[in-house]
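Below, each chain spelled out in residue letters.
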Amino acid sequence: MSQDATQVKSAKQVEVVSGITVRLAGDSGDGMQLLGTQLTNTSALLGNDVATFPDFPAEIRAPRGTRAGVSGFQVQFASHEVHTPGDTLDALIAMNPAALITNYEDLTPGGLLIVDEDSFADKDLRLANLQTDPLEEPWIENYRLVKIPITKLTRTAVADLGLSVKESDRCRNFFAMGLVYWLYGRSMDATQRFIKAKFAKLPMVQEANERALQAGWAFGETTELLGQSYQVESATLPPGKYRNIMGNQALAWGLMAAAKLSSKELFYGSYPITPASDILHELCKYKNFGVCTFQAEDEIAAICGAIGAAFGGAMAVTTSSGPGIALKGEAMGLAVMIELPMVIIDVQRGGPSTGLPTKTEQADLLQVLFGRNGEAPLPVIAASSPGDCFDTAIEAWRLAAALMTPVVVLSDGYIANGAEPWAIPDINNIEPIVIEHPSEGSTGDTFLPYARDENLARPWAIPGTKGLMHRVGGLEKQDGTGNVSYDAQNHQRMVNIRAQKVANAARMIPQQEVMGPEKGELLVLSWGGTKGACLTAVSRAQKQGRSVAHCHLRHLNPFPSNLGEILGNYDQVLIPELNSGQLRMLIRARFLVDAQGYNKVQGKPFGVGELLEKIESLTSAGKAGSLSRAAG
Amino acid sequence: MSQDATQVKSAKQVEVVSGITVRLAGDSGDGMQLLGTQLTNTSALLGNDVATFPDFPAEIRAPRGTRAGVSGFQVQFASHEVHTPGDTLDALIAMNPAALITNYEDLTPGGLLIVDEDSFADKDLRLANLQTDPLEEPWIENYRLVKIPITKLTRTAVADLGLSVKESDRCRNFFAMGLVYWLYGRSMDATQRFIKAKFAKLPMVQEANERALQAGWAFGETTELLGQSYQVESATLPPGKYRNIMGNQALAWGLMAAAKLSSKELFYGSYPITPASDILHELCKYKNFGVCTFQAEDEIAAICGAIGAAFGGAMAVTTSSGPGIALKGEAMGLAVMIELPMVIIDVQRGGPSTGLPTKTEQADLLQVLFGRNGEAPLPVIAASSPGDCFDTAIEAWRLAAALMTPVVVLSDGYIANGAEPWAIPDINNIEPIVIEHPSEGSTGDTFLPYARDENLARPWAIPGTKGLMHRVGGLEKQDGTGNVSYDAQNHQRMVNIRAQKVANAARMIPQQEVMGPEKGELLVLSWGGTKGACLTAVSRAQKQGRSVAHCHLRHLNPFPSNLGEILGNYDQVLIPELNSGQLRMLIRARFLVDAQGYNKVQGKPFGVGELLEKIESLTSAGKAGSLSRAAG
Amino acid sequence: MSTELPVLKANDFASDQDVRWCPGCGDYSILAQMKKMLPDLGLPLEQIVFVSGIGCSSRFPYYMNTYGMHSIHGRAPAVATGLRVARPDLKVFVITGDGDALSIGGNHFIHLLRRNVDVTLVLFNNRIYGLTKGQYSPTSPEGQITKSTPMGAVDHPLNPIRVALAAEATFIARSVDSQVQHLASTLYRAAMHRGTSVVEVYQNCNVFNDGAWDYAKEKAVRADNTLELENGKPLIFGKDRDKGIRLNGFKPEVVDLSSGISQDDLLFHDEKADPIYVQILAGMRYPDFPEPIGVFRDVENDVFEDQVRGQMATATEKKGVGDLNALFNSGDTWVVPETSAAR
Amino acid sequence: MSTELPVLKANDFASDQDVRWCPGCGDYSILAQMKKMLPDLGLPLEQIVFVSGIGCSSRFPYYMNTYGMHSIHGRAPAVATGLRVARPDLKVFVITGDGDALSIGGNHFIHLLRRNVDVTLVLFNNRIYGLTKGQYSPTSPEGQITKSTPMGAVDHPLNPIRVALAAEATFIARSVDSQVQHLASTLYRAAMHRGTSVVEVYQNCNVFNDGAWDYAKEKAVRADNTLELENGKPLIFGKDRDKGIRLNGFKPEVVDLSSGISQDDLLFHDEKADPIYVQILAGMRYPDFPEPIGVFRDVENDVFEDQVRGQMATATEKKGVGDLNALFNSGDTWVVPETSAAR
Ligand SMILES: Cc1ncc(C[n+]2csc(CCOP(=O)(O)OP(=O)(O)O)c2C)c(N)n1
Ligand SMILES: Cc1ncc(C[n+]2csc(CCOP(=O)(O)OP(=O)(O)O)c2C)c(N)n1
Ligand code: SF4
Ligand code: SF4
Ligand SMILES: [Mg+2]
Ligand SMILES: [Mg+2]
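Chains as they are written, first to last, in the numbering used here: chain B, 3 to 634; chain A, 3 to 634; chain L, 140 to 482; chain S, 140 to 482.
Just so you know, the hints here were simulated from the structure itself, not pulled from any lab data. Hints are supplied without guarantee of correctness; some may be wrong.
[To be verified] No more than 20 Å apart at the CA atoms, straight line, and that leaves these computed lysine to any residue pairs for SDA-like:
id	chain 1	residue 1	chain 2	residue 2
1	S	390	L	388
2	A	168	A	153
3	A	287	L	460
[To be verified] Chain L stretches covered by chain S per the calculated footprint, using a threshold of three residues with CB under 8 Å from any CB of chain S:
id	segment
4	243 to 250
5	286 to 300
6	418 to 429
Nothing here was measured: the structure is a model prediction, and the numbers come from that model. Idealized CB from N, CA, C, for every residue including glycine.
Using the sequences plus the hints, can you model the full thing?
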């Protein structure tokens, strides 16, 4: 029986809906992240468009049952395109009181609230720091509460396998999963395959989890508690072959693709840090792809290793998150000075300092632009979604190699851990990245390591090449020869050349596109991981007939050459950012446009609703708008 | 005989001039920096206003006689106020061909060019990489060349002392000094005192140097080669007691004064780096002033040591230059997060990377504002002259203590090594810095380490205080309690509080002053070490009758509260900076003013002339202007 | 008001914050033993400061009702140095992990030791990066499979005791999270030492590196795989205390005491011994040798902050308390008279 | 075209840049001996890379007609590691100073060694910060008066050889700038070693720390104050080669050979010996002992980049050369058919 790409119909009433947002919440030890991933994959396999938002504590495993230990995973799956994991929840599955109390506020009034009633004993309440049972609170009436003895039912399901209570209880999550699959007509196949593979060496655990999963499904079909299930049709994604991909995975694969496209070995120097470490975990698996991962003693050694490898001719990459990028500042300056190509990835997290390590934020933009001494410009580009990380990584290396410069890629915790369907590319259809290393004589009689090509890039002559011996270093270099020079005019010239070279990237990047009217009341200008929310909010406002357009910037330095022109076409510019207004400062300074900010620094992504409200407040209700709803 | 504060009259013709700019240039081993300092001190003692510009190679001692080894020291002394070391030279003393060839272009046509003709042998020319003798070149005709056999004359002067040739030749610089003193009617007293003190343990060397000095003076008085000497009257400085001071020395003294004013011990953590190291060298002398210097293993340890000391209740300071500041970024973020007071000094040098270590630049402004992860604002103030460093250091600590925040002070290589007369303050007349550490009960029943006062500063409770035990750290803190918090709303609140707290510094700083008309065609807006040049250029333009005013910013973050208003009063704003436009970006972003930049990144300060030219090109020739010279 | 210190109990050292390590983590035990030992120091709560870096272990200060700072990754030794120099009246502990102390923080660790700053450093060695979820650390054995080394780690691991010795550490000890009494008394010895004291604690990370130290922890084998050092006593170990360590040249060798070898032939532990002896102890690694636990070395040397502050005191003695006005007015000065403007 | 390598001369290794150290600086001699030794390696110019940090010494690469990088302060070991891993075909030298390697760069130094990356590191030890004009360094003796320590340095100095040993260095040597033959041959030995080789060179900074090594350099005394190590030979020294080193317990002692003590009683040098022996050598410091110069240790161990690339090769052998399309298409995938939009 293959249920893939089909929906599993319940015998009960089935309501067809266009999309569902559900959050699974429980203790860090309850495997919520695993469940979320399964639900995501299964939904994607059904042809839904999906977007996810995992949210877990900074502690590995805070004490069981406490609020600090709550781990959540939100998925939106829909028959239309989705760009965000959803603002409010249609359903919340809460495995314990702490999960309930910290999550219920995001549930739509009237939304489905499923709890494991076996987890609401006094001691559970105490662990969650609750005086009274929330299930008895008046506010619980706002939701469609369904209490299910998940723990007991799971134990029963696996009773005859002779597992310990602890072991039995570890299967609770799959019971819940089965229930959710029933509820939304999802096939269990993919998850069954997953269980088989994951617990191949523990047949008993395998059997128990499978049973729990099936028991959950059966319970849904049988119980009177749940009157109906829901069905979400396939989305109309462009034709092609798809898979789910997470942001960090896509970055890793993009880097590998870039190496392949440029016929280079990939040297990857990094030091673990949340939320960037998964790139390291992913890349270190692919040693047979010519990937060499170097876990350095710290972030400085990681980038310096990359600099060494770049000098040697490798495709060099280093990654970190905010605090680690701060440490790399000095070496980034060296890379700028010696003009070697390299990709530096900053997966941003909540700051400042150690901040909120597992939360998302966009507050490193100015750091990557300016966080080093002297005039040290480099190109900066930002990924906008999990799948987009793949393309961003390739583009970064393309620019780096063409301009002989380090390039910064900005990602963030939200897209790093988020997942979405990804149209699988054919590596042979991606434009190769042509890199030529000069050889003796190829550059004329005397070799000038700081000669310039039409883009102002210098030649990448690598050690081992006869006759091209030269020295690079952090002292100012003489134009052309690269020798040390303290000459005043030369310094000015070199500062200008380095700046112009980076500015020249604007020649290589596409013109900025606009979604919406060419002129109008409002332009929403966004960058990075907020694309989905901004796009969705602007689309909705447009459907209301409002005069608003959306511009999503991938290139933060240099800006696309037509950006100034675009900005001039709208009465107002709104820049939503998960920081206190960093792009806004750059745009105002560059274009003298009185851009407003919509800023949120709360460790979480924008909701579509809040953005829409802001857009409504800045635009007049259009024709469609006045029909469909009153202006905000 | 006390010649102090009097001029020594020559029997020859004496011309009275209002000011003189002279540069002493020779090999690094020739003691040019020492001579320059002597000339500066002597001129200041005569009551002249003085400004200096030492310029030396990055190498300790590049090979003798080479261009790379040339070391120069420029002094302007005048009977009027001077704010710069002068654009072009009235006189150049060149001790060898390399010094001549690398410096002559700065000499005014017709200017006095004194060379040691004994140093122009073939081998000297070869060392300086010269094919032909520059003294034979046609361009030499442009100057008033005076060839003096300085080496031979010095040897003769010390002949009977039994010194080796090498030792004798080491006195050449004092011969030159004597000559210069004669030329400008300077008293030799101070330098004689200096020689006595410096060579107290080497009576022979002492004697030799004294003789050389006198011989130089006598030669000037006797020789036919120099027809006349010059006299520069005392300047009309405000009454008071003066001494010369250099920028780094003034910073060190300012820090000591701040400690004294706040009754604190000074903990100073640093790692050597040019041009900041002299602050360490200065401070480590004053252990009996309660100054504790800690030469750390690197810049990170230096600032972290300061953070530890600040936690313990000391006045904590760390200093570096650009590359070291880049390394401190992560720890600066910690200091922002844990809200401890501290002064961080960046003595800027040419960048990026190792750059031009001994040259000046203003290109770290954006680095200190943004060079760390997350939203991590802190106040930034910049010193404008050597003497001003003293006040800046005190103000930095005043702000830091009042707001419980790290404060950045920007200096640069130019003011760090430059010298000027300094009106000696009385420490008892400086407003004390009042710091109160809470004690048990003083803050109410429960102690809240993140409670706020009217400026939003938190209490500085220090270890050892009974009952106030608390923990700080880099993770986001709960408002009030300071406990770790990952709460979304709390994070937003804390980000806002930290930003507002820094913004509150605007309440404590003076309103911005303007030099010149309140409204007009042009405002010149400058910051940091370029004050003198900008001020002088604007004054000159004003004397030409041009409608131009000058605003010099000391406070880069936050800006003085009236700055926006001021900017609005002028048709144009010109921002001259020794970078590619960093303040300019901030001003444009904040005030949406189309400020223009006048930018120079050449490792050296602005000349007055170039600024004046720029001002002329932007303003209409005024009444006075049309009289005195044609519009540029 | 009585000036006598109230007698503190372990619990008085607990802060009001929930402890957030994984259930079963070895860190709990170290926390408990620290709290149990602290009252013996006879210091009031406010006199004590815990400074840590970043890592699971570095959350430690939050759980102590003392002053504390959870600083940044690897830098706690530097923070502690500044704190002690500024405030030599405080008792300062540094809490760090194997990654924190030996990877990113290796240099600060060495420099803390060479300065011999009077702090007690506890190195939670779980041979893994816990907080970042399981990458190898500088103490991970060669070949260890971790998230970042799927084919096994290839770096040769650092021996924290060797590194400490290279920096001329004056106090070095080792203990095990689950040997609670040994741990408490070792921490106490360390805390009483003047100068930097380093205690390496074998700590189990049951989530990412479970069992790494089983050989030194499990009841059945630990007596055979570890050797408890006692000053002045011969190096004897084994469940039946029937094995000893003898020297053969520079090489230690395990001997069977039941086979007629006398205790006098064995190495005798001497905490004040030459560093070379400590090097030999440090080189005894499982499975070839029982691993020594206890105090390896306890010697005296000049303490950094004593010296630094001593120089300040000497300068003040010699020159008097500094007078800023005198300094400002020293050297060449001149006076511009009131009337000078008229000149 | 002949495939034979041209025979290079010392001068072929000189770049066209003027050397800019102070006249009389010990760095000149090290540069000269390096250039003299290099031809013996039989490598073409382009196969050699010099990587340095920052300091007077770190200007070195500019003067070599090879590839080179003058990187940033303290980080040359990390740069060299990346370079070697990416390009194991190159011969890589690291040039560093006592501040560069042991102050800011201490951690990278240790980690380079523990990985045993195949580079040759030359540590120019002048016991001072030269380039920044004379502050004390981690090798400055206690009490040294410098610009930053007017009352004398108080930190206990680091012994570079001890630090290298703590990181399990496989090749350790020491030489003196002015002992030109010894220096050249020591550099050669180091360059020929596989794995990290460390050569500490006593280097005179005649401007800021003149005479720091006079005891080991001056003709009149150096034979009494240094001891030239020769593999397999007893430790004998002295102008008249009449003194030797014997072991007393773990402690070395100087003995007078003229007083009837036989050479057989002396310590015999063994480059492959136990690290404990090397520790003893490292502990021999002036004025109590003659300081050993020459090769302290030369052993073999796995080389980092061999292992790293070995794993890459093994993975490729086992799984074949990676196929990105196969990877992209692995796991759960689904197809949206051309007509799906119509559904
Ligand atoms: C500058 C910086 N780099 C990296 C990290 C991420 N990080 C946090 S803890 C840690 C290592 C933890 O290992 P260890 O020190 O052994 O402590 P444990 O968690 O095992 O107790 C790392 C790499 C960070 N927080 N800051
Ligand atoms: C990040 C950084 N910190 C500090 C400096 C300043 N600096 C340059 S070289 C040096 C130390 C030089 O000492 P050493 O390594 O012993 O080399 P030497 O000059 O004695 O050969 C320092 C502190 C720098 N260039 N970069
Ligand atoms: S991850 Fe390991 S070290 Fe960290 S708290 Fe959990 S068990 Fe302890
Ligand atoms: S300062 Fe010292 S080390 Fe540097 S070049 Fe001069 S003599 Fe050599
Ligand atoms: Mg660990
Ligand atoms: Mg040195």
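We went through each hint and held it up to the structure:
1. S:390 with L:388: Distance of about 13 Å is within 20 Å: holds.
2. A:168 with A:153: holds (11 Å)
3. A:287 with L:460: Cα-Cα ~13 Å, so holds.
4. 243 to 250: Three-residue rule met by the segment 243 to 250 of chain L, so holds; n is 6.
5. 286 to 300: holds (count 8)
6. 418 to 429: That given contact holds, which follows from 3 residues of the segment 418 to 429 of chain L lying within Cβ reach (below 8 Å) of chain S.
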